[in-house]
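Given only the sequences and the hints, what does the whole structure look like? Please build it.
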Amino acid sequence: MKISLTDFVDFVTRSGLPKLTLVRQLKHRGEYNTLRDFYRPLREAMIRAHADALGKRHVPASIAGAWDWGVDRRRRHFEELARAYLGWWGRKRLTWFEPGWDVLELGALSMSINPELGLRIDGRPTMVKLYFKERPLSHKYADIVTKLMEMSLGEQAPAGAQMAVLDIRRRNLHCRAPKPHLEALVRGEMAALTTMWSRV
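When the count follows the working numbering, it moves up by one through the sequence shown with no breaks and lands on 200 for the last residue.
Everything labelled a hint here was simulated from the structure, so no lab data went into it.
The calculated lysine-lysine pairs, modelled on PhoX-like cross-linking and capped at a C-alpha distance of 25 Å, are: (1) 2 <-> 19; (2) 56 <-> 92; (3) 56 <-> 133; (4) 140 <-> 2; (5) 140 <-> 179.
Using C-beta positions, here's what the derived DEER-type ranges look like: (6) 93 <-> 184: 33 to 41 Å; (7) 27 <-> 75: 31 to 39 Å; (8) 107 <-> 56: 41 to 49 Å; (9) 112 <-> 198: 19 to 27 Å; (10) 27 <-> 56: 35 to 43 Å.
We put the beta carbon where it would ideally sit given N, CA and C, even for glycine.
Rendered as structure tokens:
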């Protein structure tokens, strides 16, 4: 049973019947398909801007020439997100390092943990998960994401690295303080998801 980090956090931040509905959707959605990955082209442009040292201009340039925007509903979203991302970037000194990835396992559940960006932000190594959604990023969402990144990637991260989630639309980098008690919550939710999965 394989899910993504985003899938799991969506599960944790719901309550009651919506949790069960989400599990049913995840179980029956089929294999990953790039055509269903709405933000993939923009996400890849952001990664390349840093990993290949292409600079700020690469993000809007790459999305401007990539599609027939007359028939692609992503245009408004992508342009808005690109402006917001460059606004967050601002005058920060950002240098790339490979963020790494891992698979966190608990029983039958395998969860891929894959922050998109490894950035030294004004010298501080930071592993960044990108958040594209329109609704504001909640503190609970950020806490769970950074805890999962810490649990799976902490040992391979550069010394002094911080785990963070970037709410792109609001240009807000959430760097959450470590909360040891969250591991119990995470493992409990993973067990709950596994149980629901077996019964839907």
